[in-house]
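K.L.:
Starting from two chains that each stand alone, build the complex the way the hints lay out.
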Amino acid sequence: MTAFRTSPRRRAINVFMTALMWAAAVAATLPLVLILFNLLAKGVTSLDLAFFTHLPAPPGQEGGGAANAIVGTVILVGGASAFGLPIGIGAGIYLAERKGAPLAVLVRFLADVLNGLPSIVMGIFAWELVVVPMHHFSALSGAFALGAMMIPTVTRTTEEMVRVVPTTLSEAALALGYTRWRTALRIVIPTALAGIITGALVALARIAGETAPLLFTAFGNNFWSLSLNKPIAALPLQIFNYATGPYDDWHAQAWAASLVLIALVLLISLLARFATRSGFSRGVE
Amino acid sequence: MPEANRAETPGQTESIDAQPPAAPSRIQGGGVGDRIYSITITLMALGVPALLLLIFGVVTVAAWPALRTFGFGFLTSSDWDPVAGKFGAAPALFGTLVSSLIALILATPLALGVSVFLSEFAPAWLRRPVAFVVDLLAAIPSVVYGLWGIFVLIPILRTYVMPFLRDTLHLGATPLFSGPAYGPSMLAAGMILAIMILPYISAVSREVMMAVPRSQREAALALGATRWEMIRGAVIPFAKSGIIGGVILGLGRALGETMAVTMVIGNRAEIAASLFAPGYTMASLIANEFSEATGDLHLSALMAVGFVLFVVTLIVNAGARWLVWRTSREAGA
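Taken in order, these protein sequences are the chains called A and B. Numbering-wise (the working numbering), the first sequence opens with residue 1 and increments by one. Numbering-wise (the working numbering), the second sequence opens with residue 1 and increments by one.
If you're looking for bench data, these hints aren't it; they were derived computationally from the structure. You can take every hint at face value.
Short, incomplete list of chain B residues facing chain A, as computed with Cβ under 7 angstroms:
| id | residue |
| --- | --- |
| 1 | Gly33 |
| 2 | Val114 |
| 3 | Gly256 |
Glycine included, every Cβ here is placed at the ideal spot set by N, Cα and C.
Just chain B, with the same shape it has in the complex (with noise of 0.2 angstroms):
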């Protein structure tokens, strides 16, 4: 035990010089010194609820100008015109739960694909390799892949995914995938926030399959299952909820996720049906607008918007929190 050693030799000294003084003045002195140590750490540990207390009623007081103005009519109304000082947040609303919506169903399955690959498959050479490369994108700058999007992906979507969707596949009958293919659109959106919320959605559910006990995948398998058949029936059903979490997880953060889908979903204030049209999610009009405001009413509206975002995302994040916290208890006892 080096560190024991290592640990004791500073309290040496200092006891050295302590102890002597017989020991009730020694009590008094720490007494003194726990009490400032204990109200110090508390003090710290309650700044996180109250810069919490203190965003939400700074943007709440900044934006009450425009809710009292519009009242409920600001979530429904599809008017966004800041000349004519109307302010209804329902395409930004409408834009945001779309990305998102696109985001999950593609990364969703790639994201359970791969923890289920990690946890089931992947000979050990690989666990590691593959599990570090998909934790990475987590690192990479929101801004990064907003430009990657700009340069790369857009173009590739305007001159083989879209004309493919459209023509190749004759979904261009749909609503969903018609009208002219420019490129920034909520398709690019969703797609480039499917490869941002894809980490955080595997790194969570690969954690909680890991987590299924030995036992459970033994006994399907003694019991004559094969290898995906005990991953069905033993694997998934112990570590659902704890999935659901994630998946919920990765909604949060693309709900939020801001400078990335500024950068290529085009930001108009209009509701379409077509994937392949521009839209804006609350997060982009907030970061497309705010330093051009024109008046107060129109500061006020953008801080209402930043308002709703914020209580969605306390929501969606504190139900997926419970979830995943549920799952590992579960797991635990």
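So here's chain A without its partners, still in its complex pose (with noise of 0.2 angstroms):
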């Protein structure tokens, strides 16, 4: 400090700066601040227990409910697990083990662009795909639409959390006498388990409130209905909906809805985040 002298001009452009920072933090947390505020204040207020009971209302009538909407969503979610689930686990188990085969290299890249693919292309795919031979919309072609969604994260974050199993683990097993898949079954797969939970979770909390893949597969659905093979009710179909349609009851219902769905991926982000927490203490130390 003694030894030399920072010009004044230097000074305040450095206490400019650090302001500037220090602003652009405050505008970055402003705009999460102000949707979840609106949400709680719109979504409270229209939030009743008939929301989580009864069927919508028919248009213009008052009331109702999305029932049909919040079990629409588990049971899409549920078909696109059994599907996107295995082949991600799968894929990112691959490319832990095979690090730098020329094969995981072309995977681990075309996973990334896959994860960047419009969610609006994967829903015209689906619907080419699925309801065009099936000749109707219906639940399985929205579930195969969200699964082929989830693969490429759950790929990546399978491979992340299996390589930070030490690899002196599966040489202990392998040295002992274990065979490969044993290995991989009985050891390293168990250890990185809590990490792999974690990241299909993550997947799961993503896929839950899209929308767009959805519109031209399970289109959405005013009635019960538990079919694989029927059009299906999903909450973030019904926001849509009822957001874009002209009754304020109906604006009421997409606040409410919006707050359910948000609430519902921000548990599922939570329960990642605690298995994250306990799988540490298990698996690397």
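P.N.:
Structure follows, in structure tokens:
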């Protein structure tokens, strides 16, 4: 400090830029605060028990709920997981085991590219591949679109989690006479399991809120349907239809549905966080 | 090492019944098991490229009739008239580019600012909460952004921001900010997109800035640089191509974003100079018209729009990944 002097101009710039970066941080956190505040303020007042237990009211009529949409979202996400998780996890294990193989490099790159694919493109793809041959909209086609969206995310998180398992562990198993597949299934995967579950949950949280892939596949339904073969309601679709509709009551329902959807997504994300935490104490130390 | 014990327990019971009947049989059994295991995970890994190829194939085939009918004019014609059977994707292409550009202009400085803040200025106790809050933006579903856009953002734009830009700042003289302020507009779409891509850009740029070696910063400070000069001279140049990768990644998100944009852009197939005017993006065009498509050519034209969107985002994403990958490799070496 005494050896040289920083000119006042340089010091002023430094102070100004410091203030600017603080301002940027405040500005960047503002949207989330604002969105959550609006969601709570408008969502809580519109949310009642009927929302969880009733079917949507006919257009123009007040009241009603979104019970079918909540169940529909659960069914769609479940169906998507049944299809997307095994492939994603398998591919992730492959990537972790064959790090440098040419196919692994290619798959890793393509998974990242697939991850950035617009969800609407996934929607028209599933429409062409499933809805057109079946001749009607269905929960199955919606679950297919969502499941395909899960694959790249699950692949990359699984890879990362399996990679963290110390190689000494699997080397020890191999040295004791374990075969490779047994080492993978009994040593590596159980050690990485918490992490893999976290990755799966993150992917679940992401697809639970997807709307675009469902527009022309699951399509939405105002009545009860648990069949994979029929159109099915989903919370995001319900929000879209209500928000763009003409009635005030619909708008209130859209806020309520958004609040429930966000709560669902955050709940899954929190679960994921807990899974990681317990995973870290068990897996890597 | 508690995990080693845990891992061994199931292993021991296993090897007890596997070991006695001589080594050869076990190796052979392992050979078959290993092969099945190896084939299974390889097949699943092949699922990723297969899926991408399948999407490409299916969308291309479905788009082919429209692409063949209109040829290259599909991209340049601004005449989108389903009733007359004319389909030109230029308005949607234009809308996609303009709304994404607005989003980048708004989100990039903010994302960089917050990344610099988090990697250089933030006190330790503030770092995690701020990073968490910004990252959380990525967890909010697109349709919820759309809802918020319709009922919160658009009224604010219509009553305060648009009149302020046009009249108070006299920007109405330029075509960019002229015309009536309806609300649903290119500007609204760009602003929503800016909020949505902010977490993606900031996550990547934060990571590459934090990866800048300590010695670089200390060297700059030792030479007498102020903290800002250290950031400008040592941190940002080092992280540059990673930051650019993050920005392009954000661009990829913005180009393909569907629901929120569909809900706030006004959905009109016109090319307007004013940001206050409604427009279309490729994604919102598909979302809006697909289920009401009148006839096969209309449907195929929408598929062709999807095809263009697919190719554009593919190129953008591949470029971004390559840049990020290159930076992280350089930092590692």
